[in-house]
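> These protein sequences, in sequence, are chains E and D.
For the first sequence, counting from 1, position 204 maps to 1372 in the working numbering; every step adds exactly one.
For the second sequence, counting from 1, position 235 maps to 1403 in the working numbering; every step adds exactly one.
Among the hints, erroneous ones may be present.
Where chains are identical, the list cannot tell them apart; a pair therefore holds if satisfied intra-copy or between any two copies.
To be verified - Simulated crosslink set (DSSO-like; lysine-lysine; CA at most 30 Å straight-line):
| hint | residue 1 | residue 2 |
| --- | --- | --- |
| 1 | Lys1322 | Lys1200 |
| 2 | Lys1225 | Lys1280 |
| 3 | Lys1402 | Lys1179 |
| 4 | Lys1320 | Lys1200 |
| 5 | Lys1320 | Lys1226 |
| 6 | Lys1320 | Lys1228 |
| 7 | Lys1225 | Lys1179 |
| 8 | Lys1208 | Lys1320 |
| 9 | Lys1402 | Lys1225 |
Hint data in this document are derived by calculation from the structure and do not stem from the laboratory.
Because the structure is a prediction, the values reported are computed rather than measured.
Protein chains: 2
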Amino acid sequence: MVELDRSLICKGCWSQMHMPIPIRGPLSLPFKLVGITTSKMNPNICTICERAFARVKKTKQITVQTTILFADIRGYTRLSERVGAAEVASLLSVFHDECATAIWAQDGIVNKAMGDGLMAIFNFPIPIDDHPREALVAALSIQEQCTRNLAKLKDELELTGSEIGVGVGLHSGEVAIGEFSGFATDFTAIGSVVNQAARLESSAAAGEILMTEEVYRHARDLCGAAEHRSISIKGFSDAVDVFALRN
Amino acid sequence: MVELDRSLICKGCWSQMHMPIPIRGPLSLPFKLVGITTSKMNPNICTICERAFARVKKTKQITVQTTILFADIRGYTRLSERVGAAEVASLLSVFHDECATAIWAQDGIVNKAMGDGLMAIFNFPIPIDDHPREALVAALSIQEQCTRNLAKLKDELELTGSEIGVGVGLHSGEVAIGEFSGFATDFTAIGSVVNQAARLESSAAAGEILMTEEVYRHARDLCGAAEHRSISIKGFSDAVDVFALRN
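With the rest of the complex left out, here is chain E (with noise of 0.2 Å):
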């Protein structure tokens, strides 16, 4: 497993804002007495980052170029509908965790997770150089340890028949980040690039990363054997061309 990093102030409040929120070793404490602590989307940004944008950032949307990356189990239904809840339990936590890592070893952040699928964000709130490609890094990283660890709970659990992978999907281009709700503080990103990394993700094999032209030519050479398709997506009226990675 990738050893994090571990930044003594928030890469996020530093980036943002300039201004450098302790959230490792003493000078931590004080805020983490008033609820300022690390955030479940990246353990380098604070609290700040995940819940107050609107009054970080003094306005209730912007706009930012993102890679955008969507991921989930392949055959997760089918699966959970033949084995019990902790062996459904094991295979949700090696796959969350997994993806938590490779995406945060490129400083993207986890924004949302739900069920067997999440949706990361690279550029924000952390500035990436080359974000289209550190979030490849990450897919490529992901669908390697998810592979093998998949591999492994499998055999432990004794689960025969079925496959199980991930699928991934990625897009780069401008997004809206945001609060989209009035009760929900957790900001997120919206726009047709999240969509239509969403869609994808959902037309990714078990084992396979899709990404599109925006993502690919920041990384041809990590894409060694990318194979090259057209295909239609839901809700989308053209057709999209995109590169496809099997591990």
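Got chain E; can you put chain D on it based on the hints?
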């Protein structure tokens, strides 16, 4: 809009541990200072319920009878290809706020929200006598409020062509509740009942509520015009009997 009854103590901690945790009024101030505030899942529970499941329950997961509700916006992807981020943000805001209000009014919690969708749990951590019925009451209220407010918004934003509506799926039964990853400290529910509710929502048309027999039999009197169907859903080998209510 339904006015929510605002509790002075956390209804979750009271039900689960018989511990009175003040969340409103002067007694709540010292708790707020150490980061214990109202939860974003439901304003009548606190962040102890939300983020300290394993510590409170002293176990990784528990089995609970619940009703699970999924809701999302039909045609969201297609619509967000045609309109700007500000319009999409208004749409999401109306949707999430109306859903939360309806769910909270019946003591349910908004456990997960992701893009144009959400998942609610009824009967944990706040116990509800007849949770399938209360969940259906919430679903009916979601459909009524969303239909009215989304139509109003559609006129204001001068959106023409595509229909905007909400699809809802409901199923009731035993789920596993716990924290299913090392990093995310919010609890969630997993299991076949959750997957089936999610699949029913995907199969629901705009303005439709799809529920299983397990929900229907608790609320026949609310389902005057329900249509009985047998549908096949992804990941489940057998066809599922459902009852459909149109707005």
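> Would you mind marking each hint as holding or not holding in the structure?
Verification of the hints:
For the identical chains of this complex, Lys1322 and Lys1200 are neighbours neither inside a copy (40 Å) nor across copies (44 Å), given an alpha-carbon limit of 30 Å. When the C-alpha separation of Lys1225 and Lys1280 is checked against a cutoff of 30 Å, the pair qualifies both within a copy, at 20 Å, and between copies, at 24 Å. Taking the shortest alpha-carbon separations for Lys1402 and Lys1179, neither the intra-copy value of 37 Å nor the inter-copy value of 42 Å comes in at or below 30 Å. Taking CA atoms no more than 30 Å apart as the test, Lys1320 paired with Lys1200 passes in neither setting, with 38 Å inside one copy and 44 Å between copies.
Proximity of Lys1320 and Lys1226 under a CA criterion of 30 Å is satisfied inter-copy only: 28 Å between copies versus 48 Å inside one chain copy. Taking the shortest alpha-carbon separations for Lys1320 and Lys1228, only the inter-copy value of 22 Å comes in at or below 30 Å, while the best intra-copy value is 45 Å. Taking the closest pair of Cα atoms, Lys1225 and Lys1179 come within 30 Å of each other only inside a single copy of the chain (16 Å); across copies the shortest separation is 33 Å, beyond that limit. Within a single copy, Lys1208 and Lys1320 get their C-alpha atoms as close as 27 Å, which meets the 30 Å cut-off; across copies the closest is 37 Å, which misses it.
Proximity of Lys1402 and Lys1225 under a CA criterion of 30 Å is satisfied in neither setting, with 34 Å inside one chain copy and 42 Å between copies.
Checked against the numbered hints above, the structure violates hints 1, 3, 4 and 9; every other hint is satisfied.
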